[in-house]
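Novice: Now for the letters of each chain:
2 protein chains.
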Amino acid sequence: MAQNEKVIKAARRAKRAVVDLARLGPEERNGALVAIAHKITESEAEILAANAADMDAARALLETGALSVAAYQRLKLDHAKVREMARGVDQVAILEDPLGQITLATELDHELTLHRVTCPIGVIGVIFESRPDALVQIASLCLKTGNAVLLKGGQEAEHSNRALFSVIHDAAVAAGLPGDALVLLESRADAAEMLQAEGSVDLIVPRGSNALVRYVQEHTHIPVLGHAEGICHVYVDADADLEKALAIVMDAKTGYPSACNAVETLLVHRDAVPRFLPGVVSALQAQGVEVRLEADAARGLRLDQVVEATQDDWSTEYCDLILSIRVVPSLDAAIEHINRYGSHHTDAIVTEDPAAWERFFAAVDSAGVYWNASTRFADGFRYGFGAEVGISTGKLHPRGPVGLEGLVTYKYKLVGTGQTAATYSGPNATTFLHRAIVEK
Amino acid sequence: MAQNEKVIKAARRAKRAVVDLARLGPEERNGALVAIAHKITESEAEILAANAADMDAARALLETGALSVAAYQRLKLDHAKVREMARGVDQVAILEDPLGQITLATELDHELTLHRVTCPIGVIGVIFESRPDALVQIASLCLKTGNAVLLKGGQEAEHSNRALFSVIHDAAVAAGLPGDALVLLESRADAAEMLQAEGSVDLIVPRGSNALVRYVQEHTHIPVLGHAEGICHVYVDADADLEKALAIVMDAKTGYPSACNAVETLLVHRDAVPRFLPGVVSALQAQGVEVRLEADAARGLRLDQVVEATQDDWSTEYCDLILSIRVVPSLDAAIEHINRYGSHHTDAIVTEDPAAWERFFAAVDSAGVYWNASTRFADGFRYGFGAEVGISTGKLHPRGPVGLEGLVTYKYKLVGTGQTAATYSGPNATTFLHRAIVEK
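In order, the protein sequence lines correspond to chains S and D.
Counting along the first sequence from 1, when you hit position 387 you're at 1093 in the working numbering, and nothing is skipped either side.
Counting along the second sequence from 1, when you hit position 438 you're at 1144 in the working numbering, and nothing is skipped either side.
These aren't lab readings, by the way, just hints derived from the structure by calculation.
Be careful, since some hints might not be right.
No copy labels: a pair is met if it fits in one copy or bridges any two.
As the list claims (entries may be wrong) - Simulated pairs of lysine-lysine, DSS-like, Cα-Cα distance not exceeding 27 Å:
#1 782 - 745
#2 745 - 787
#3 1101 - 712
#4 712 - 950
#5 782 - 715
#6 1119 - 745
#7 950 - 1119
#8 712 - 782
#9 1101 - 745
Bear in mind that the values here come from a model prediction, so they are computed numbers and not experimental data.
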């Protein structure tokens, strides 16, 4: 209960800080970001010293197997990574201001105008796993969007996070931002209380493993911006250009197999099987990919070293050099498979038939639906968003790769000269104009 | 468990029906709506007979006090209401098609284009209380937006809902829509199971009392489009035009006191108190409004029959002819009161000072922030949205009055000619163009 009060009180102070942040224009917010970037560069020695303390502890965990090699490597900071962090903050500073943008403008009547204007969400709670650069990135995205942020990092990065937080906090306050807008939480209990802080915390952003995202989703009623699992498909149609298909499958599987936009299951129209399957299987195997294929599909083809695929494969995100392959009798069967087993992330069709593409686009229920392109393009930077808050596999806004728009919402601004609603109802009602305002 | 399977199976069939709905163009969806409207008019006798059975049962509940007079009246259908329902469906048919709208278009590279396109959400679960016309309205909004819908109405309206559902379902199927896209749930157990059907149901829309909305929010992890309580404020600034202020307060309180956009608390800058308060209090009392005022504020003014306001008043939605009044020392104190006690619905400032308005707009954390206009304008029809799905007091999209956009989401459509992501990374990376496409 004492814990509880602590986080809730910090969140309430953070909410008041959002009101103070709202006094600042984009120049002041961007100026603070540039100052933060500068201070990170200046403080490299302290940051690396703190990181060294974390690495000492991590080495022990690595030896007992309590920490994976990948997690150990993500934890490590060096000169290049510190420079990269500072550069990342500078890049957020030069992005277009996401606040104050008008997304709807209507003249309801003479001297009664309605605008929908983007604005901060409020207090964002972020839970991230070992990579300490996530703290810097998410803090700068939140300040850019005028939000306050409560940050909870992994226990393994405790010293690094504390050092980075202190650098950012000091630089932000020196640049005139309210200190209460940035809060570091350090215990698991604090994080658990944050998930219960409905009304004080407006959005939770988990950054890390699928397990973390799922845990957060199941333990809070606060909206979650989650990038959960990615079970992406490539469907090679009967009318596919097989050269394109081969290049796309190889890129989508081998480019970065642990990314959420990597392909996990290849669907092949049965008419394309004889011409396509032997070639793609041997190309994949040459790159070290384990191929899992339905027993029926493998029959009649002379394929070596192919593992038999089971039902479980269709709903598995391998995050590894493994690809399952299923042969389908029709485009509609491919669509049905994707909608049933996929994670609504990104799915591609390879075909030269525009009608097949149109049907695929209309029917596949995913955030990204691609024609003759690799699923690996599903990424905020590649989409041109500048910064990536995450990738949302939810069905509602924001969906897919999420840029700064994931950290803003909107308000309706109604400006009148004393109008009352009664004037517009009843037998002598004035009629609304509802005329779109074309902004200059 | 048997119950569970029943709802989940229906939801899965509904999800497949969404794919079938995606084959239909706006003409076909709108044609089906017109056919539904026609069939409602044709079936008036059956609908009224079913409603009479509900009214018989309701009369007994009314006598024992188990049903309120208001609920009893909402339940009753007559010729005018049936005509109104049919007309409502016809009006949904003529609204602009919300699907297939392009909200972002970028040329990532030559022959690699990205579009963000609006599309249906999928399966919508609706829980509504006694008013049977809600079934017709929500079913038509869902079909307009290409979604499937599971409908659960109140027990009191059982016969009416069954009759209306059967009319709509028959007309929809006759017009070529997939029958599985419309499902009527009848038991409380079914509704409870629907709230657990994550992955099969994409959005829950509760339509009814605050208690219903809160219950639903607390019992599901599926996103909820809720119009919860409305604690709206009018703040009368030191620089207010008091004639405008009086008109706005009277409209916002007495126009329709049980609406969520009615004002509950009036905040008055202390400098405006002597000139404003006595007049507004007597005008309100003349209209039968109970006035609750802080003890300190009442001192020195000769006000009759004023009730003393307590802390509880600031967070109470009266839904009645009651208004609490608080005197504040400054604009910032008014903003702090609103952000603390309000429900982030709609709040208005009355002032002739543009700087006060700008500060109020930037700092008040509500879906609607109004200058010199009544809070009663917060309504989808008044905003020009044509149809209202509800009013969302959540912080994220959709926020405020929600039109058809509340029932659509979007997909990213990437069209290439075989591009791979590898081309755009590494030392010889091709640079993205990221050029906005101006649609013709």
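Novice: Now, for every hint given, state plainly whether the structure supports it.
Specialist: Okay, the hints, checked on the actual structure:
| no. | hint | in the structure |
| --- | --- | --- |
| 1 | 782 - 745 | within (20 Å within a copy, 69 Å between copies) |
| 2 | 745 - 787 | within (15 Å within a copy, 67 Å between copies) |
| 3 | 1101 - 712 | between (34 Å within a copy, 23 Å between copies) |
| 4 | 712 - 950 | neither (57 Å within a copy, 44 Å between copies) |
| 5 | 782 - 715 | neither (33 Å within a copy, 49 Å between copies) |
| 6 | 1119 - 745 | neither (38 Å within a copy, 41 Å between copies) |
| 7 | 950 - 1119 | between (50 Å within a copy, 18 Å between copies) |
| 8 | 712 - 782 | neither (31 Å within a copy, 52 Å between copies) |
| 9 | 1101 - 745 | neither (39 Å within a copy, 33 Å between copies) |
The earlier numbered hints that this structure contradicts are 4, 5, 6, 8, 9.
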